[in-house]
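Asker: Chain residues, written in single-letter form:
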Amino acid sequence: EPEVTQTPSHQVTQMGQEVILRCVPISNHLYFYWYRQILGQKVEFLVSFYNNEISEKSEIFDDQFSVERPDGSNFTLKIRSTKLEDSAMYFCASMWGQGFLDEQYFGPGTRLTVT
Amino acid sequence: GENVEQHPSTLSVQEGDSAVIKCTYSDSASNYFPWYKQELGKRPQLIIDIRSNVGEKKDQRIAVTLNKTAKHFSLHITETQPEDSAVYFCAAKIQGAQKLVFGQGTRLTINP
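These protein sequence lines are chains A and B, in that order.
Numbering of the first sequence is given in my numbering, commencing with residue 884 and proceeding in unit increments.
Numbering of the second sequence is given in my numbering, commencing with residue 212 and proceeding in unit increments.
Since the hints were derived computationally from the structure, they do not count as laboratory data.
Only a predicted model underlies this, so the values are computations on that prediction, with no experimental measurement involved.
For every residue, glycine included, the Cβ atom is placed at its ideal position computed from N, Cα and C.
Fair warning: there could be bad hints in the mix.
Claimed, not checked - Covered by chain B, per the in silico footprint, the following chain A stretches (three or more residues, Cβ under 8 angstroms):
| id | stretch |
| --- | --- |
| 1 | 890 to 901 |
| 2 | 918 to 929 |
| 3 | 932 to 939 |
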């Protein structure tokens with residue numbers, strides 16, 4: 884069964900550094916998402932991406948964040964200048980999006996630790 | 212915007228008993244309600260979902276019910292087994308929107 888994949892599984896970075904988190908969504912899916920989960924808390928929406936542009940974003944997704952689909956398979960989240968509070972698990976998700984199907988499938992996550 | 216409240220935050224049941232987790236949502240325009248199971252250190256996995264045109268859905272030992280009038284939905288797990296131990300999240304999606312809004316999660320422990 885196809886799955887969303889993410890790399891790296893764990894990223895440690897120093898405050899102020901740029902990080903890029905990578906995702907490969909399920910191949911025929913059209914909608915892509917980033918969520919984050921601070922340890923012990925609920926999953927929070929960051930951004931959705933469709934047809935090569937951001938379709939929705941949360942207040943968390945400020946100018947420090949950007950997303951890109953550089954080719955036909957990868958979907959990336961960049962944090963320009965990391966802060967301590969960016970430490971979290973970041974999940975990529977994808978959705979087929981045709982008809983009335985709404986299921987979002989999550990990747991295994993990247994644990995980002997900012998020191 | 213949409214807000215989803217989930218309770219209880221922790222639930223401990225004996226193996227073989229039933230478990231019920233409840234969620235309420237705020238926006239009546241929400242029309243899709245998935246439930247995710249997250250084992251420690253793993254991805255959230257979709258276990259069941261329900262749309263607003265349906266009141267109940269069942270898949271083997273798992274069922275979800277939806278009360279649109281009261282704006283709440285529940286997950287029911289019957290004949291619980293140790294492998295059901297995990298954190299369960301409910302979520303809601305407003306019609307036409309992209310994002311899932313998650314509840315705070317319920318840590319379910321099945322005691323042998």
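Asker: What hints, given by number in increasing order, does this structure fail?
Answerer: 1
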